[in-house]
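Protein chains: 4
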Amino acid sequence: MLKFGVIGYGYWGPNIVRNLRGLEGCQLVGICDQSPAARKKIQAAHPGVPVFSDSQELISSPDVDVIAVITPVWTHYALAKAALENGKHVFVEKPFTGNVAQAEELINLAEQKNLQIMVDHTFLFTGAVRKIRQLLTEGALGKLYYYDSTRVNLGLFQHDCNVIWDLAPHDLSIMNYLLGKDAEAIVATGQTHLNGHADIAFITAYFPDKMIAHINVNWLSPVKIRTTLIGGEKKMVVWNDLEADEKVKVYDKGVDVTGQEGVYNLLVSYRSGDMWAPHVEQLEALRVELAYFVECIKKNEKPFNDGRAGLNVVRMLEAANESLTKRGSLVYLDRTSQSTSNVLPIAV
Amino acid sequence: MLKFGVIGYGYWGPNIVRNLRGLEGCQLVGICDQSPAARKKIQAAHPGVPVFSDSQELISSPDVDVIAVITPVWTHYALAKAALENGKHVFVEKPFTGNVAQAEELINLAEQKNLQIMVDHTFLFTGAVRKIRQLLTEGALGKLYYYDSTRVNLGLFQHDCNVIWDLAPHDLSIMNYLLGKDAEAIVATGQTHLNGHADIAFITAYFPDKMIAHINVNWLSPVKIRTTLIGGEKKMVVWNDLEADEKVKVYDKGVDVTGQEGVYNLLVSYRSGDMWAPHVEQLEALRVELAYFVECIKKNEKPFNDGRAGLNVVRMLEAANESLTKRGSLVYLDRTSQSTSNVLPIAV
Amino acid sequence: MLKFGVIGYGYWGPNIVRNLRGLEGCQLVGICDQSPAARKKIQAAHPGVPVFSDSQELISSPDVDVIAVITPVWTHYALAKAALENGKHVFVEKPFTGNVAQAEELINLAEQKNLQIMVDHTFLFTGAVRKIRQLLTEGALGKLYYYDSTRVNLGLFQHDCNVIWDLAPHDLSIMNYLLGKDAEAIVATGQTHLNGHADIAFITAYFPDKMIAHINVNWLSPVKIRTTLIGGEKKMVVWNDLEADEKVKVYDKGVDVTGQEGVYNLLVSYRSGDMWAPHVEQLEALRVELAYFVECIKKNEKPFNDGRAGLNVVRMLEAANESLTKRGSLVYLDRTSQSTSNVLPIAV
Amino acid sequence: MLKFGVIGYGYWGPNIVRNLRGLEGCQLVGICDQSPAARKKIQAAHPGVPVFSDSQELISSPDVDVIAVITPVWTHYALAKAALENGKHVFVEKPFTGNVAQAEELINLAEQKNLQIMVDHTFLFTGAVRKIRQLLTEGALGKLYYYDSTRVNLGLFQHDCNVIWDLAPHDLSIMNYLLGKDAEAIVATGQTHLNGHADIAFITAYFPDKMIAHINVNWLSPVKIRTTLIGGEKKMVVWNDLEADEKVKVYDKGVDVTGQEGVYNLLVSYRSGDMWAPHVEQLEALRVELAYFVECIKKNEKPFNDGRAGLNVVRMLEAANESLTKRGSLVYLDRTSQSTSNVLPIAV
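Protein chains in written order, with the numbering used here: chain A, 179 to 526; chain B, 179 to 526; chain C, 179 to 526; chain D, 179 to 526.
Mixed in with the good hints there might be a few duds.
Identical chains share a label here; the pair holds if one copy fits it or two copies do between them.
Cut-off 25 Å, straight-line C-alpha distance, at most; resulting in silico cross-link-like pairs (BS3-like, lysine-lysine) [stated by the list, open to error]:
| # | residue 1 | residue 2 |
| --- | --- | --- |
| 1 | 219 | 181 |
| 2 | 388 | 402 |
| 3 | 321 | 402 |
| 4 | 388 | 291 |
| 5 | 427 | 412 |
| 6 | 388 | 359 |
| 7 | 477 | 412 |
| 8 | 412 | 402 |
| 9 | 219 | 477 |
| 10 | 402 | 427 |
| 11 | 321 | 291 |
| 12 | 321 | 412 |
| 13 | 259 | 181 |
| 14 | 219 | 504 |
Because the hints were derived from the structure by calculation, they are not lab data.
Using the sequences and the hints, build the whole thing.
Next comes the structure, spelled out in structure tokens:
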């Protein structure tokens with residue numbers, strides 16, 4: 179029986195708590211929040227569960243095996259570090275940390291202590307992403323051409339970071355998981371209109387073999403859009419996460435270049451076949467993710483959404499932020515050297 | 179009675195011819211195409227209309243007042259120049275020319291000869307664009323934040339240019355017309371997968387006063403999307419050109435920043451009111467455009483989609499192409515000096 | 179402080195309980211269910227709330243002011259009658275009772291005892307229905323022509339009644355509420371394919387002044403549809419309850435008959451103006467409804483969804499059922515005489 | 179080379195003419211219309227084609243092999259009869275005739291003269307209907323439960339008939355073609371609001387083996403809907419004719435009744451699998467239909483959409499009309515006796 183302590187009961191914390199309470203093999207031993215209002219909510223919704231105002235008390239408790247850090251990003255590093263130093267496994271909200279150096283330090287610390295880190299990239303556990311991953315693993319799409327995601331809505335939810343740090347971690351983590359490859363360089367553009375943080379941004383990631391990815395994030399859209407196009411040589415996928423059913427559509431469409439006769443007579447032909455919407459499981463992703471973490475800890479195995487996966491996302495966020503401030507300058511993602519950058523996840 | 183000669187009877191030419199035939203105040207006096215197959219089609223569809231294989235013959239005919247150039251972009255300059263030199267007004271397919279220098283030369287020539295140039299940015303004459311223009315002119319949207327267009331489908335229609343030169347002229351001309359402002363600089367990214375031309379591209383245009391525009395063009399999309407979001411301080415517009423009715427939706431949605439209490443306590447509030455889809459006229463845009471050109475020639479007035487409007491689009495295409503080849507480098511749109519660049523509208 | 183006892187903790191009961199717990203001015207004093215599994219669920223979800231297996235115990239408790247009957251329809255009459263006889267107000271799930279005679283008896287009993295009955299037609303408290311009601315009350319649509327609702331999905335949720343008794347109460351109650359008029363006669367057709375109950379049915383209700391209503395209910399549809407068209411002389415409404423936003427659209431469309439010149443030259447003209455989607459409140463309808471019932475009881479006022487409203491729906495269900503068994507025979511809705519029919523809400 | 183004469187150049191006639199002109203194996207030898215305005219249009223659009231004002235002249239011309247009757251329904255019988263008597267094959271607009279007796283007489287006459295009749299049920303030649311027919315022929319859907327079509331829009335196009343005679347022929351002909359079975363009886367309800375003809379109607383058709391069909395037609399809908407649900411034991415189809423692509427969707431959804439334990443414990447389980455949208459051909463249906471008629475005449479074979487197919491539709495229209503006037507009375511479709519009814523296709 180793994181004993182969980184949860185730090186942070188704001189927007190997302192209640193979902194973590196609700197799922198932990200129903201989860202086999204784990205026990206919720208305490209919830210911490212600095213805010214008196216939040217603590218009052220905890221008591222009303224979960225009478226009987228111990229409530230803390232000081233995170234150190236929970237982190238240092240011998241009765242805790244795992245600490246879930248569900249707080250603003252700028253607090254992740256210190257809380258996760260303290261938890262690891264106290265011998266606790268860590269489940270940490272995305273994005274993992276505010277910069278690459280912090281992420282690397284936490285990964286090293288966990289390895290030294292033989293502890294597990296899971297970064298809460300919940301989307302990786304949805305039926306839709308798992309189905310697309312399966313299609314890609316089977317090679318159904320052939321060589322990949324592009325990944326193009328639009329994630330826009332009305333909502334300036336974050337006061338401490340820009341739209342890239344708020345919305346892009348979803349797409350970056352999904353993209354990394356699906357493609358299984360690292361991007362080489364990033365270009366980002368965008369603009370800041372209201373509160374000093376960029377509220378609209380466009381990110382391009384260059385991958386090897388002419389794969390290109392593009393992410394459109396926007397806090398100022400009158401309509402909510404969650405659509406991703408994935409183009410491959412053999413098939414193409416449209417994932418519309420707002421569809422109740424038929425979230426994932428697979429198109430037997432494409433272009434065949436069958437020859438070239440002189441400059442202006444390239445022979446291309448278009449393939450326009452059936453569309454197929456595979457049945458997608460409707461389980462709650464967060465529950466599946468937490469159950470998987472319990473399993474990983476028991477088996478002493480790293481989850482695929484471990485600290486390193488979280489680090490890759492943070493590295494791309496840093497690069498995107500840097501490019502954004504330089505109005506589209508190409509920023510390479512150097513993975514060989516220890517990053518020394520200290521980009522704060524704040525206003526551009 | 180204005181006498182029109184049409185050069186080029188490929189994909190778009192038949193639409194020009196059909197509309198000219200029914201148009202009051204104008205007469206179709208000849209159609210020219212180098213291809214014997216195209217000439218056979220002309221004769222079948224328009225018995226009685228003179229057909230030419232040599233464009234010079236039509237251009238130099240004293241019986242012609244206006245030459246419509248509906249040919250591939252790399253031929254526009256020479257044909258339009260010959261027409262102007264022969265004292266003919268010119269209607270030329272978009273994009274105007276293959277580079278800025280050519281466009282400037284044609285504009286100067288037309289001014290010397292007191293002739294009119296119209297560049298066929300047909301979209302400007304659709305009910306949807308005219309309705310949005312009206313909303314913007316009335317100030318209904320307030321200060322503009324962004325213009326974000328997605329124009330993707332399956333189709334590598336062009337052998338002589340990339341997806342930017344093929345699809346982006348629509349968005350650039352619409353954007354220029356709607357905003358009434360010039361962009362300052364451009365960033366473009368993209369990739370070439372199949373035939374040596376970029377088939378997917380993402381263009382960002384920086385405007386004064388923090389306005390930002392973004393255009394997503396793609397020849398390799400399994401689904402057709404024609405959606406433009408326009409975000410303003412007071413209202414926001416979603417234009418979906420694929421909707422049969424309700425192409426333009428106006429949202430009374432937005433964000434109000436009402437104060438700031440310290441760094442993490444910015445007070446924002448969301449406004450979520452009614453949506454309104456104004457009735458949009460369903461006239462054929464090309465017919466409206468040609469009737470307007472006849473009117474402009476009669477009154478000896480420059481159309482708003484004149485050579486200069488066409489030049490502005492070409493300048494942005496050149497800049498986007500240059501940025502694309504440099505993987506996102508910022509390219510300034512300098513309008514003060516005579517451009518000397520000679521960027522060909524071809525492969526990247 | 180009104181004290182509520184809830185009978186029935188199956189599909190809908192948990193929602194009643196959840197909303198009662200957070201509701202000002204009321205207290206949940208007990209939940210009853212015959213099933214041991216259901217009682218276990220209650221204890222897990224609501225530790226501390228008294229649980230009963232015998233409804234009589236709860237109904238006769240002096241500590242209870244209101245009984246909520248959230249059980250299968252064939253049990254409503256007996257439970258509601260016992261509650262009323264014990265001096266309790268009654269909140270009863272839709273449809274009110276299994277036949278007209280039962281409904282009339284309960285209404286009389288409540289009046290004698292000066293107690294309130296509310297029938298849980300939750301939809302009447304949604305933002306969408308309240309907005310449409312407001313439009314109709316203001317006369318925005320002009321004279322009404324028709325009400326046409328499609329309510330289909332895959333799901334044979336009920337074992338004790340057919341699709342008419344399961345799905346049509348929503349439309350009938352909404353229709354009655356919106357139109358404020360009684361239908362004169364009903365025609366219903368349909369078919370039984372699987373378990374002895376009609377699983378697809380089409381109901382027509384004739385109203386005075388040429389208003390006509392139509393309801394399409396189906397348990398065997400591969401897609402979920404919840405769309406209602408309301409046609410009026412001045413304006414028309416499309417209510418799509420599955421839209422996240424823009425549930426209600428008001429069309430300035432219609433037909434004007436401007437004259438008649440001989441039999442084949444009727445002069446009609448079509449009006450095709452703007453569309454307008456008013457902002458619709460997103461409050462939880464059940465919460466609004468329960469708060470309203472608390473208010474009604476305090477003020478000793480009949481709610482608009484009282485026993486008589488419930489009776490009207492049951493009378494139409496009976497008539498539809500009768501017509502269905504007679505393959506479309508017209509059945510009049512006679513409200514003048516005391517009904518003596520005893521139609522069971524079961525298989526056709 | 180079959181020589182066609184076309185009578186009627188109103189709404190649909192121009193499409194017949196355009197397709198005949200491009201069709202191999204046939205020649206257009208004359209077009210007739212009583213209206214001077216229509217004749218002027220013919221001359222403008224088709225210079226060189228002989229134009230007639232008197233249909234008899236065209237019908238009796240020895241230069242004509244086939245007469246296409248594209249006129250209002252009440253004129254079909256007389257024109258088609260004259261054509262057959264003059265030894266011409268007949269292509270006649272839907273609905274075939276104004277009543278059953280006329281249709282039977284024309285069928286008999288054609289058989290005596292060894293001439294072909296084709297009734298223009300164009301929809302049967304669309305890619306969508308042919309694909310659904312293929313699925314049904316292969317047994318992909320299993321035993322059929324229902325056919326439910328909604329065909330509504332704003333438009334009172336017909337002055338000489340009601341909405342049933344105007345819109346339902348599409349659905350009735352498609353249904354008959356797809357199911358390959360005759361309905362046994364019909365119930366129809368509806369209402370007349372504006373010009374003396376029913377403008378909204380709901381038709382139920384009872385088929386053998388518990389198959390049921392339903393058709394919703396409406397001239398007063400603010401939105402256009404063209405959606406047909408077909409429910410089968412194994413699979414279900416949704417055909418949305420307004421979708422640009424993906425018109426036909428096949429759902430692997432259904433209900434399995436796996437046993438019955440007492441009255442209230444029926445064991446049903448829901449199957450919710452993949453959805454599949456087969457590629458549907460985009461040929462112009464009218465061209466395919468006319469080419470097929472040319473082929474049938476050459477081979478001296480009856481088309482599947484012959485006079486008898488047209489008669490079946492007229493018989494159902496008559497029955498629906500009769501039921502409509504009797505407010506939903508069941509009307510049997512007796513095919514054994516020669517019909518003597520003389521229902522006019524007019525106002526209800």
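Verification of the hints:
no. : hint       : in the structure
1   : 219 to 181 : both (22 Å within a copy, 24 Å between copies)
2   : 388 to 402 : between (30 Å within a copy, 23 Å between copies)
3   : 321 to 402 : between (30 Å within a copy, 22 Å between copies)
4   : 388 to 291 : neither (40 Å within a copy, 49 Å between copies)
5   : 427 to 412 : both (14 Å within a copy, 22 Å between copies)
6   : 388 to 359 : within (12 Å within a copy, 35 Å between copies)
7   : 477 to 412 : neither (38 Å within a copy, 43 Å between copies)
8   : 412 to 402 : between (30 Å within a copy, 18 Å between copies)
9   : 219 to 477 : neither (35 Å within a copy, 32 Å between copies)
10  : 402 to 427 : both (19 Å within a copy, 14 Å between copies)
11  : 321 to 291 : neither (40 Å within a copy, 55 Å between copies)
12  : 321 to 412 : within (7 Å within a copy, 35 Å between copies)
13  : 259 to 181 : within (18 Å within a copy, 50 Å between copies)
14  : 219 to 504 : neither (43 Å within a copy, 54 Å between copies)
Violated hints, in rising order: 4, 7, 9, 11 and 14; the structure is consistent with all others.
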